[in-house]
Structure formats: structure tokens, C-alpha cells
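Enquirer: As a plain string of letters, each chain reads:
2 protein chains.
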Amino acid sequence: MSKVAILGFGVVGSGVAEVLQRNGAHIDEKVHSKVELKYILDVRDFPDSPFAAYVVHDFAVIEKDPEVDIVVETIGGAKVAREFTERALSAGKSVVTSNKELVAEHGYELMKLAQEKGVSYLYEASVGGGIPIIRPLKQCLAANEITEICGILNGTTNYILTRMIRSGLPFAQALKEAQTNGYAEADPTADIEGHDACRKICILASLAFGRHIYPKEVPTEGITGVSLADVAYADSCGRKIKLLGRAIRKEDGKVRAFVAPHLVSGSAPLAGVEDVFNAITVRGNAIGDVMFYGRGAGKLPTASAVVADVMEAARNRDRPKFMDWGPGGSGVALPPLDVESPWYVRAEAAPEAIRGALGDVTFLARAGAPAGEVAVLTVSMTRGELEERLKDISLHTVFRVLED
Amino acid sequence: MSKVAILGFGVVGSGVAEVLQRNGAHIDEKVHSKVELKYILDVRDFPDSPFAAYVVHDFAVIEKDPEVDIVVETIGGAKVAREFTERALSAGKSVVTSNKELVAEHGYELMKLAQEKGVSYLYEASVGGGIPIIRPLKQCLAANEITEICGILNGTTNYILTRMIRSGLPFAQALKEAQTNGYAEADPTADIEGHDACRKICILASLAFGRHIYPKEVPTEGITGVSLADVAYADSCGRKIKLLGRAIRKEDGKVRAFVAPHLVSGSAPLAGVEDVFNAITVRGNAIGDVMFYGRGAGKLPTASAVVADVMEAARNRDRPKFMDWGPGGSGVALPPLDVESPWYVRAEAAPEAIRGALGDVTFLARAGAPAGEVAVLTVSMTRGELEERLKDISLHTVFRVLED
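Those protein sequences? They're chains A and B, same order as listed.
Basically the numbering used here = 1-based index in the first sequence + 6.
Basically the numbering used here = 1-based index in the second sequence + 6.
Read the hints as simulated data drawn from the structure, not as lab findings.
Here the structure is a predicted model, which is why all the values come from computation and not from measurement.
Be aware that a few hints might be false.
If chains are identical, the list can't say which one is meant, so a pair holds when it fits in one copy or spans any two.
What the hints assert, rightly or not - Below, computed lysine-lysine pairings styled on DSS-like, alpha-carbon distance capped at 30 Å: (1) LYS70 x LYS85; (2) LYS327 x LYS144; (3) LYS222 x LYS327; (4) LYS256 x LYS36; (5) LYS144 x LYS260; (6) LYS40 x LYS182; (7) LYS36 x LYS327; (8) LYS305 x LYS260; (9) LYS44 x LYS397; (10) LYS123 x LYS40; (11) LYS123 x LYS144; (12) LYS144 x LYS397; (13) LYS222 x LYS182.
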């Protein structure tokens, strides 16, 4: 018998309660033991909810109840959530979370605390919503040296880019539509500036490469600089603009992680990932490329990932599973200064000036381009080399091109 | 310390030896214990191989060596492989396999034997080559009631279809090219007649739905009936022909599993799966659709999946993991008689006769169609209803259309 407390009765938290109830018999059968909701912690009451009777307002009730052995943290953020997670782990309870910010910022310490207390700290739902990625990355790819992770990690920005590409909506209008449809929050900063994708690539990279990589170590560019002009130029060469989170381990063992818009070939699997879907490509030295695809967010998909972790924790009460990594530190992650790629450049310049600066380029065309605008694809080089060559050119946009 | 014996030094078996060696330090670190190759069983000697010293010819050597606790079975087939698997499990050794035929035909008994002996029988590599699918299906989707599995499960046929679609090669020529490139065997029957895909959908369906579903219960149609005319008609309506293995659980709890060519919408994720790649879509009641994509075959991808299972077995020696299902039996699987879908029909008939028989249809066109040929997409109906309506029509091809 496992008793569960859910912290935070928002979208994901209420989804967890629903999935636990809806699939209850199925869950008990798979765990070979009963898994029961006991508390829901929230500052609010929910008198009209079928879960009203579970609501408590004081975390100490949960902390001090020895019957509760699994705590689901769906509060979000890295303050209260961190305090309650530490207290729950310290009280010998396993914690399951969908909180990417907390895992990206404090995952190492929390996993260490869980190990010391002999309990689990599980976070499958923190990346890719319902897509199974954390456990496959750790277990099924165990036999591979992973060399690169590359993914569309944020559904909101992918929805906005899809609307720009398919319907020609300008960024601001696509964002507004995303907000209307509930795909973007009133304050969309964390999504559109790439912070959310950054946290997720940090979690994936930390797990894949074994050392904590912090968001502050990951150069992050969002999609606010993507214009319909760029979309049109990308289309003219059979490519789509996608916001990618990438982490590359080079021979020196250090990881280059970054988040930025990329031009992706239309025939690449990632190019077909549209709307709010997410996809994560993992490259291993034996396995080649594998991709995991699905809804990256949403109440029930995310809740089902949380519940799968709850079941894992329930099944392994006397032998917790560690999905952990080592400490971060200087030299674990490097800025992607030496990551070469072709580049897409849109500038205010004469074609001869661009060719003079960049050498061998492919010129792109779009209908309605203003006089003086030029757009090209370059050969492969580092960002530093590109900037050096373009230092006298008036630039609009510079995006990486993802190589096949 | 775990000692490993590999049965069969063919493509996959030699790949396993290579991955164990190449990633040895990494594997030991992840398992927190040494994992060492001790024997390779084969009828042949391999004097020029770096693994020559490991080769033995008598299974009894392995069976009787108490140091060997993990046996990798990459022999294939359901005869010798079955005997050695039973003997290894009976001797208290865990068995890891890439043998889809053996798992599809005898998985239930072998898993039961493993449970009785307190060891593991693991088969991640039997489906999807290196794509992690067995463990995610069992563990990460645990919180979902799975309703459907649909996949491109055979790389050979997907390669042939891709060459027909993209380069206009006729079937026979595309098959020959696949053989030249090592993607199809000299006797390609198991691939092109759908038997290989059938075994894989049996394994996935048995695991997802909890009861053994046998290949003989799964109506199976290969790709030998796919012509360039069908490819052209499919293209005319924005679709691609793909060989799909499907398993659908309806409200009555019974599973309809089948393998057949389908017309798939060009915008569906499965349509973008080309060449020898495989992809498996899983639909759950909470998670929605998730897809797993990667190389479905090949020496190192498959070997890496085997080695991941070896590591799992090594880590859980005193507490084996059961990736099991219950017994099969009458009524577990039903033929897909009541599975409705739209249909693609190519026939020798007058358009009025087709419309008279089928009612509301969409006529398709292709360049160079001979007089008297007609092709349509129907509304949704069962195969029985379709056949009843078409009983007086001279048919060329009938394929299902996959609904979005």
C-alpha cells in the first residue's frame, strides 16, 4: 500500500489526481499493491471538486503523516517547491515532480538527499510532458556513449513557429493565438525567450553526460527574433525554423549546450514535429539516432508521466531507483564557441559585400524582399569566425543551420 | 561481477561482443560492477576475429559454468534457440535475446520459466532494433490504459516502399536493390510477406495488453501486392503506402491485431519514416499518441539494445525484472472484422459501377492509367461490408486508409 500526497492542485496536479482515480484498478494491478491518494496540498479550497475532501493547507500534515510515502510536487518554481521537496525527502518520502526549473537548478542536491535518505526523486514529467524520455535515456541507452541530444523541447514556441510557417501569421499574432488557445501563458517570457527549453536541455544533458549542467551555463536565444522574412527564406531552401535545445559532447569530454532557433532540413524528422508536439533526438555511438515524439505538455500527458513515476516509486520502496548525475562545476559545460555549422544570415548589404566577407555562400530569395536585403547560407564555421567576417555588415538575423 | 556468454556469433552476436568491449568502462561504471564476456558459442571457429579465444562449440560448457550468469541468445529461430534458452534459464542464468520469432511464439512459457527460476528474460532488441520501446511501453506508459499500437516495424519493406515512392522503382527492382545493399536477405519472404512485422506486433500487443497474442492469430498481408499504380494514386491524394502492424483494444477488452499495407496521410508522423527506419506509435488514454523512432535493425543499434538488457540483468541479479504477460488463449485476439476504416480500392470497373456499389467515394487519378481502371477512397466501413459491396467488381488492390 502506498499513500500519495499531491502538492499543488493546478493543471498537472489535478491531472495526477484524475489519472490516479481513472486508472486506479489498472495501476494497483501493475504495482501489485494499492496506490491511494491521501492529501492534496493547496492554498485554495476546491469545494466543487470531487477531490475536495483531500485538500489540506499545511504541509506539516503531510510531512508528519507516516502513511504518506510518495509526495507529488507540481507546485512549480524553485522556492516553496524546493523547501517542501527537501522536507519530504528528509522525512523519508519519495518525491515525484514535473518541475523542470527545480530539477534544472537543484537536481543534483535533491538527488543526493534522496540517496542519503534511501528514497526516490523522480522527474520523468519534467521533460517532454508525457513522452517517455528520462528513463529510456538512462536505461535503454545505457550501452551507448551518448554524443548529442537535440530536441524541440517547448510546445508553445513550436506552436507559434508552426503558425508562422503554415499560415503566415506574424510572431505577435501567433503568440496571441497561442495565448487564446491556452498554449501560452499571460506572461509568455519563459517560453518565448527559451528559458523553458534551456531548463529541459540542462536536465537531459546532465542525465546523459553525468554531471550537473546549470541553466546559467547554457547560452539561450528564444524566438522573438524570428520574422516572417526568415520563415520565407528558410522555406525557399526547403527548411523550417525550429527552436532547438542541443547538448553536444566533444572528445574532450566537455559539453556544449545551447538553445537557439535553427534552420532544419524539411526532410529531417524534427522538421515534421508541428504544433505543440515535442521531439527529442538522442545520438549514441552504437544506436545511431533515435527520436522520441509526443505531446510535450498538457494536463493528462504530463500527469500520466507523473503517475508512471509514482508507480515506479511504489514498486521500489525498499530499493529506490536513482536517476541521478554527479556535481556540476567549472569545465563541465563550455559555451558552444567551437561548434561549427553552416549559418543562415539575413543582412542589409550588397551581395558582393556578403560574398566578399563570407566567401562561398548560397544566396536565397523571397517574394517582396526590400531593396538592399540579402540572405545566404554559409559553409560550416564557428560563430566567432562568422562574427569576425561579418563585423562590417549590418545584420538582421543570424541562425544556425542544423546539419543532417 | 557478471560473466556473459553469447550464443551465435552472427551480425547481432558479434555486435554485442563489440559493444561490450568498446563501451566496457562506461558499462562497468553504470552497472557499478564488472560485466565481462566469457564465451561465444558458435558451430564455426573465427581464427581471425579478436574474439577467437572466447569461442566454444558445446552449449554444455556454458550451461555448466556457474560463473556465467547472463546468456545472450542471438541465434534466431525457434528451435535450437528455444532449447538453449530453456536450458540456460533452468540453470539459473538470465537470458537476453534479440530473437523476435522465439519471443512471439514462446514468450509466455519462457517468461514463466524465468520467473520460476528467479532470473530475467529480457527482449528489448526483439522489436525496433535499437529503439527503446519494450521498457518504455511497460514502465513509462504504466499509468495509461493503452488502446492502440501502430508501427512501421520492418525496415526492409519500408526501404522497398520508400524506393518505390521516391524513385519510382517497381517492387522487384526495389527488392533487388535492398538485397544488394544488405537490407534484405537472399530469401526475403519473412520480410516482404509481413511475417517479421507480425512477430513484432505480437510482442508489442502481448506486452501492452497483458495476454500472449500468437502470430497465427494475426492476419498478415505483406507488400508484394503494392504496385507503382497504387503508389501513384496514393500520392495523388497526399498519402504514402506504408506496411503497418496494428493492435487495437476495443471496449470488450479483446485485441484486433493485423499487419497490412495502409495509405497514410502525408502529414502524419509515420509518413515521414523512410528507408530502413522504424517507428512505433502508442496511444494511451492519458498520454495521447507518443512515437518512438530510429533504426529498426542493423548490427550496432540492435547490439546496443541487447547490451542495455545485459546491464539491466546484471544490475538486478538478486531481483529480476519481469517484462511479462499472461497466457494466450481463445478470445484474447479477434480478427479485425469489426475494425472500420476508409479504404483505398483500385479496380477494373466503370466509375458508375463503383459509385453504385460504394456510394460516397472520392475518385483518384494518375497519369497513364489504362482505360477501365478506377481508384477511389471510400467512407469508413468494415472489410466485410466492403467486400459485400464489391462482390461483383473485378478488384486489383484493396488497402486500408489510416485515419488521423
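Enquirer: Are the hints correct? Go through all of them and say.
Expert: These are the hints, each one checked on the structure:
1. Taking the closest pair of Cα atoms, LYS70 and LYS85 come within 30 Å of each other only inside a single copy of the chain (21 Å); across copies the shortest separation is 58 Å, beyond that limit.
2. When the C-alpha separation of LYS327 and LYS144 is checked against a cutoff of 30 Å, the pair qualifies both within a copy, at 11 Å, and between copies, at 16 Å.
3. In this assembly of identical chains, the alpha carbons of LYS222 and LYS327 lie at most 30 Å apart only when taken from the same copy (28 Å versus 39 Å across copies).
4. Taking identical chains as interchangeable, the C-alpha atoms of LYS256 and LYS36 lie at most 30 Å apart only when they sit on different chains, with a minimum of 20 Å there against 41 Å within one chain.
5. Within a single copy, LYS144 and LYS260 get their C-alpha atoms as close as 19 Å, which meets the 30 Å cut-off; across copies the closest is 34 Å, which misses it.
6. Taking the shortest alpha-carbon separations for LYS40 and LYS182, neither the intra-copy value of 44 Å nor the inter-copy value of 56 Å comes in at or below 30 Å.
7. Both within a single protomer and between protomers do LYS36 and LYS327 lie at most 30 Å apart by alpha-carbon distance, with minima of 17 Å and 13 Å respectively.
8. When the C-alpha separation of LYS305 and LYS260 is checked against a cutoff of 30 Å, the pair qualifies only between copies, where the shortest distance is 28 Å, while the shortest distance within a copy is 36 Å.
9. In this homomeric assembly, LYS44 and LYS397 never come within 30 Å of each other (Cα to Cα): the closest approach is 62 Å inside a single copy and 60 Å across copies.
10. In this homomeric assembly, LYS123 and LYS40 come within 30 Å of each other (Cα to Cα) both inside a single copy, at 23 Å, and across copies, at 27 Å.
11. Taking the shortest Cα distances, LYS123 and LYS144 sit within 30 Å of each other both inside one copy (22 Å) and across copies (27 Å).
12. In this homomeric assembly, LYS144 and LYS397 never come within 30 Å of each other (Cα to Cα): the closest approach is 43 Å inside a single copy and 54 Å across copies.
13. Proximity of LYS222 to LYS182 under the C-alpha cut-off of 30 Å is restricted to the intra-copy arrangement: shortest distance 29 Å within a copy versus 54 Å between copies.
In this structure, the earlier hints numbered 6, 9 and 12 are contradicted, and the remaining ones agree with it.
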